[in-house]
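Chains as they are written, first to last, in our numbering: chain A, 846 to 1174; chain B, 62 to 402.
Hints in this document: simulated from the structure, not taken from any laboratory. Every value quoted in this text rests on a predicted model; they were computed, and no experiment measured them. Idealized CB from N, CA, C, for every residue including glycine. Treat the hints with caution; some may be incorrect.
Claimed, not checked - Pairwise CB distance ranges, derived in the manner of DEER restraints: (1) 280/B / 1128/A: 35 to 41 Å; (2) 1113/A / 354/B: 36 to 42 Å; (3) 1049/A / 369/B: 21 to 27 Å; (4) 119/B / 859/A: 38 to 44 Å; (5) 1113/A / 204/B: 17 to 23 Å; (6) 859/A / 354/B: 47 to 53 Å; (7) 921/A / 221/B: 58 to 64 Å; (8) 1148/A / 188/B: 49 to 55 Å; (9) 229/B / 968/A: 42 to 48 Å; (10) 142/B / 994/A: 36 to 42 Å.
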Amino acid sequence: MDNNIVRTPLLETVDLQKYFKIGKNSYLHAVDGINLKLHAGETIGVVGESGCGKSTLGRTILKLIEPTGGKILYDGQDITKYKNSQMHPLRKEMQIIFQDPYSSIDPRKSVIEVIAEYMLIHKVYKTRAEAFNRAVQLMDMVGLARRYTNSYPHELDGGRRQRIGVARALSLNPRFIVCDEPVSALDVSIQAQILNLLMDLQEQLDLAYMFVTHDLSVVKHISDNIMVMYLGRCVELAPSDELFANPQHPYTKALLAAIPEPDLIRSRTKKLEVIRGEVTSPIDPKPGCRFAARCEHCDKCGGRCTESNPEFVEVSPGHFVSCFLVNDK
Amino acid sequence: MKTEELKSLNLQDTPGVPLLEIKNLRAIYKTDLETVEAVNGISLQINKGKTFGLVGETGAGKTTTALSILRLLPSTTGRILEGEILFNGTNLLELDEGVMRAVRGGLISMVFQDPMSALNPVYTVDEQIGEAIRLHNPDYTKEQVEDRVDEMLQLVGILPSRKHDYPHQFSGGMKQRVVIAMALCCEPHLLIADEPTTALDVTIQAQVLAMIRELRDRLGTAMLMITHDLGIVAQTCDDVGVMYAGEIVEAGTAEDIFLGKEHHPYTVGLFDSIPNLTSRATRLKPIPGLMPDPTNLPKGCVFAERCSHCMEICKTEHPKIYVNGTHKLCCHLFDDKLKQN
């Protein structure tokens, strides 16, 4: 894996920021200084509670929203300042699968039209027939029966609609896909089908995924690296196995402890640690660690976490944590 | 409200009789075009102070069961075809609508899935909690109602000083707490919780679940917990019923479901599809296919089409229930054992 080190990452963000202006002089800090690297064929999982900025991060990277500061490097080129016309060719390589398979598909287009739409927009094929042919191939690839070719989205259930979303994202042969909670609207048995499909496609096509979700157990299966976000900041970044085996940040620990496990003995013996309070406001946040208000160790670091932001420190290879308690060790 | 009549009815606790017993309930939704067979002959029992978990995927008929208990099925389409719902031995389906109104909220109350739509946005929360208290206790004075509202808010961990706030001023977790306070304010004997934490974040879910459990232990309320999450079942339930396409395919104590050796293939599939935090495997084992169309259910076993153990008999004949102690299974795989018994 030596060439991994010299390989430029497919996607890199440097101190990426997105602030939404919501008043005269107040800003909502949705994404606040995110650094991440993603190589081809890899998956980064972005986990956090609702409102932590994970979807905004995905959309900002795709430049569906203009970033406020920082840099986005795609395949070595700085795309931060790219205009729409410059982004247009890149859109073929960077795709997104949306959370809600019910609202992200045009209800007035048939399945085949939905899947072929991107190819027609990008004029990948000379004729409509060719694009439709390719769309049928994509339907086979994602496991949608051909009899649905001329069905309309309302005739299909959530799992099949999400397959349309996947087929559509794949239609332009992308290299990078942002999966924004692609399975959270689906039932467990269907969720597992879609996760397996995404993993198979990654193997076949060497795709890079950014997998945005609130569900740690989902992300464990699909990710190489996991980034835990809290109020716009990354609190912990680690390889998937490492994060689950050895979580460092108090927030990560709390998140892991909060997942109800389908295991009777463990759930009856496990002391239930409930994290107090709720996510504080992301509007003009105070300086310091964003998690401080809910952190049970807050008093142990001598009040530093309410004054300055802890640095992002590498505690073991590839494992970064942003917490004074951990950094002191 | 016919509170007096309610008291005259024998709806209070009777020793030896389960708090709620559903016998062979069948409910449908009928429109001009089609008939959806939502609940097909389910039976279950909830004992006093116990929590029964009803697990299943979307469309399995869990919510329809809950609405049937309270007789809240949409009047234009929903019909209960047959069955009995016995509350302390009294069949709720035969009660007068006026008495039923006193039962709802008074003896049985419900927490809905989405707290955002369960609260009225134009009333403050104390007005909404107070309304339930006033309706069920017409003799309460204004002060008594107010005291009770404060008490309820404290119980669910909200400062009474926030009682004059509107629902939009609360976060999702707090709103669900308000809804739970509303449900518990008349000290019901049975609380139906329909996916109470699905709309919440994991950390808030943990808070709400911990609170529900604490309140249940303190007040001794029995609960029907409807969920799709086996993790929540493991944490909260004493008894479990696994629902699929309108039927309870497996039922038993939590020990039977989580630790027992014999299982319905659907239960096995459900456990395998959950991404497991402790396992190292990367691929999941989903159940192939989809739930059958409830307007056109198969003749034999409802799970046959997706089942890896499917035999010829499964396609033609509906399986009988095999009972092993507290554990009930509805599957042809256990036919041999059924004969032995």
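Okay, the hints, checked on the actual structure:
no.: 1; hint: 280/B / 1128/A: 35 to 41 Å; in the structure: holds (38 Å)
no.: 2; hint: 1113/A / 354/B: 36 to 42 Å; in the structure: holds (38 Å)
no.: 3; hint: 1049/A / 369/B: 21 to 27 Å; in the structure: holds (26 Å)
no.: 4; hint: 119/B / 859/A: 38 to 44 Å; in the structure: holds (42 Å)
no.: 5; hint: 1113/A / 204/B: 17 to 23 Å; in the structure: violated (43 Å)
no.: 6; hint: 859/A / 354/B: 47 to 53 Å; in the structure: holds (51 Å)
no.: 7; hint: 921/A / 221/B: 58 to 64 Å; in the structure: holds (59 Å)
no.: 8; hint: 1148/A / 188/B: 49 to 55 Å; in the structure: violated (42 Å)
no.: 9; hint: 229/B / 968/A: 42 to 48 Å; in the structure: holds (47 Å)
no.: 10; hint: 142/B / 994/A: 36 to 42 Å; in the structure: holds (38 Å)
Hints 5, 8 from the list above are not met by this structure, while the remaining hints are.
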